[in-house]
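Trainee: Chain by chain, the residues run as shown.
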Amino acid sequence: MSVLLKKIKINIYSQFKRNLSNNQYKIRRALLYVPGDDPKKINKAYKLDVDCIALDCEDGVAANRKEQARNTIFEFLNNGKPKKSREFDWGVRINSVKSELCQNDLDVILTAQNLPDTISLPKVNDTEELKWFSSQLERFTALKTKISVILFIETAQGIMNLKEICTTAKKLSENRNFEPVALVFGGDDYLADIGARKTDQLTEVLYARQKLVMMAKAFQLQAIDVVYIQYKDLDGLKQQSIEGANMGYTGKQVIHPDQVPVVQEAFLPSEKQIKWAKDLIEAYHKYAASGKGAFNFNGIMVDSPTLKQAENLIKFVEVVGKDTNQ
Amino acid sequence: MSVLLKKIKINIYSQFKRNLSNNQYKIRRALLYVPGDDPKKINKAYKLDVDCIALDCEDGVAANRKEQARNTIFEFLNNGKPKKSREFDWGVRINSVKSELCQNDLDVILTAQNLPDTISLPKVNDTEELKWFSSQLERFTALKTKISVILFIETAQGIMNLKEICTTAKKLSENRNFEPVALVFGGDDYLADIGARKTDQLTEVLYARQKLVMMAKAFQLQAIDVVYIQYKDLDGLKQQSIEGANMGYTGKQVIHPDQVPVVQEAFLPSEKQIKWAKDLIEAYHKYAASGKGAFNFNGIMVDSPTLKQAENLIKFVEVVGKDTNQ
Amino acid sequence: MSVLLKKIKINIYSQFKRNLSNNQYKIRRALLYVPGDDPKKINKAYKLDVDCIALDCEDGVAANRKEQARNTIFEFLNNGKPKKSREFDWGVRINSVKSELCQNDLDVILTAQNLPDTISLPKVNDTEELKWFSSQLERFTALKTKISVILFIETAQGIMNLKEICTTAKKLSENRNFEPVALVFGGDDYLADIGARKTDQLTEVLYARQKLVMMAKAFQLQAIDVVYIQYKDLDGLKQQSIEGANMGYTGKQVIHPDQVPVVQEAFLPSEKQIKWAKDLIEAYHKYAASGKGAFNFNGIMVDSPTLKQAENLIKFVEVVGKDTNQ
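Chains as they are written, first to last, in this note's numbering: chain A, 1 to 326; chain B, 327 to 652; chain C, 653 to 978.
Rather than coming from a laboratory, the hints here were simulated on the basis of the structure.
As the structure is a prediction and not an experimental result, all values here were calculated from the model.
Each hint should be verified, as a subset may be incorrect.
BS3-like cross-link-like pairs, simulated, lysine-lysine; straight-line CA separation at most 25 Å [what the hints assert, rightly or not]:
1) LYS850/C <-> LYS272/A
2) LYS944/C <-> LYS370/B
3) LYS815/C <-> LYS170/A
4) LYS286/A <-> LYS693/C
Covered stretches of chain C (in silico footprint by chain B; criterion: 3 or more residues with CB under 8 Å from a CB of chain B, positions within the stretch not fixed) [to be verified]:
5) 851 to 865
6) 892 to 900
7) 945 to 954
Each residue gets a CB set at the ideal place from its N, CA and C atoms; glycine is no exception.
In isolation and in its complexed conformation, chain A is listed as follows (with noise of 0.2 Å):
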């Protein structure tokens, strides 16, 4: 690994060393669930190096263990966000509405004295569903501040529905105590939904997965990309990573703590990629002085797109190193 990958490492750190409010940048590149009815897991998890931790009610909890997982997480919860090298983002993941469990998990997890930064809402079908769930959340007067929400896009319906989801999670944002701040593609469910056989590339999900990073955008939301199950092929995990990565996703979900260092490098810019971008910003800006638009960038003819995705590359590495630049 490289001087300039490393400083760009420590830089995620030294970030979130400071006290971000709900409204600053957080970077989500690996979303680590642990299974909420497992303490073990959850104080090993505390001690990795990982952007996001969801406490989990839902896929990785039994039938029969819901309850367990959910006075797990509520002692978890009171005993306060563990203090990390670095800044991460604390989060419980609730059973979804349909389940008939979300209610239950709500006044479990949000009276406990100190709240998760976000709540993960899974399997969000429609906009009935967010309406109850945004009702719900009205009931915690401890909810001061608004809570950050992940919501779950993993339906026939999910996909369907997304614009008028997100439509309406932005405007009940405006007057209730909850931010949507990212979308999750869950290709597993979606593809069970749709009775569909996995295959290696996912081209059988291309569709969703491409809809949901779109949609995603247009809302101003991160998105974030399918599980690779395979936990012990992290070639594999790099490479679908990338993909993601390639398609606009800007995290990933990880079901292992193997996984972690693999997915939070692939979204991370390459160094090719960093020197590409800021080379291209520099001739840009040297080209526009002297009154030039268009022009050729070794062999490529630049204007205005190809300097917003240069500019995009670097803005994200500086949010993610910014305290260096002070």
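Since the structure of chain A is provided, determine the placement of chains B and C on it from the hints.
Mentor: For chains B and C alone, coordinates are given in the frame of chain A:
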């Protein structure tokens, strides 16, 4: 072919021996068009082991033979549904609403002594066409039970308006005597409509092909894939069938008897897939009983979504072969 | 190059010698941007054999040269549309509605002594922008005939709102002095907007690229594909052009004169395709006369959809070369 697969196939036969109502799940893996003006071909199709037959008034019939097709189909309907070694879907494909042949088709077909199980309605562009079609059906008092309707989506407008089309179809069917049961992707017509050039992988229609599956599943309809027109190339057919099945399609249109067995086999899960699913479900229940949610199964991390994929597969096999379990 | 292809090309020239009204079909295979502040480049473009020229106020012009571009274009418009050996589309690309440069652009361009054939409106996000644009056009009494408008879709919001944008454009055009004629997919801007990383195959924007074609065809608009910015790589350009044509695109944006002939050739059907289509149509009519609907043609089963694909191809060739038939 293995014993297991043979058993499944035999079970398909047995299932259909029972007198299924329209509301029961019907397998529609191969949907075979037979030119309605060709009694010889119809008689040949009657002898085939095929899930669905559509006696065709539309694209398989020359413009100057439409009346001939109608009258021939009328006679075949009057003669009654043929007894076969297993139940099958006995349908008629009429001409599209815009063709202005549709009303005449219905006038003849729905006054036959026996009604077909299913009407295939091609080139649906918008909800107005559906409303017109639905009001036409009202004219026929013979329609005492709901007739199954397969909607064909094969134009840019059809793909654009797909959500509204499905919503309207479901809504109309509440008080009318038809029931939408499937969406067909008319890939070749769609290609012509958007001015695309066909390639082997059909990448050029991936958006439309996958939007259709998503929408079908959101409305609990079957999804029937494109025709493979190189009817002598059975290897290519098999490959395209598997691609469709991977995407979530439940069946495929066929235009030649030789295509039927290849397609019907491709839309069955493979033995390897069945074994994988059974083992996974068994392992899941063992672990769940001991209170574990997510667990390692042959190197993949299994939680609810993966379980659901396995259960879907087995449920399908069971529907196909459920008689053996009784 | 064969005699047949040469003949088609000559016919393109002849067709455009006639004084076409805006309502007649215009070929738009290559849409060439020329920096509006560079008289030398404009004069050079005037000499090219190119379907469309867009004198550019937008991305090809540096921020500090916008006024210079407007004024230069004003002069070129005053000098009148250049006489070329064939008709071409003489357009201006203004700045986007959100840029706040758009009103000034229109003030200058639409008060010139001669109006351009076409206005290119970039980065359309929603119907509000279209309504504002349409109301701006009302100010110009010089607009006695409908001016053609090309809408650029290059953001997540634009792709999300595409159906509403097209519906509104068509509706507004009924009573206003413009006519939407094409949609452009601004792939590089879209990539930047969704934070994607570009790959050679553009897989990461497949959803948006194909949604745009579908929508264009549903509204009977032309569809113009992404820029290939590696302007020295003509082989890569050719390949990407063919991919776009395969998807149903009718043309492609170009940013360098060398790209024009490659693109214009790629968006013509190949001789092999023309021969296939002619033979198929001939065979179809022979069989149809004898009352056959579907029939075997070189191993494919031909019915209406395949016929329509062949007819589309020949119709295009005829439009391009129709003078020869008179």
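Trainee: Output the numbers, in ascending order, of every earlier hint that fails for this structure.
Mentor: Of the numbered hints, all hold.
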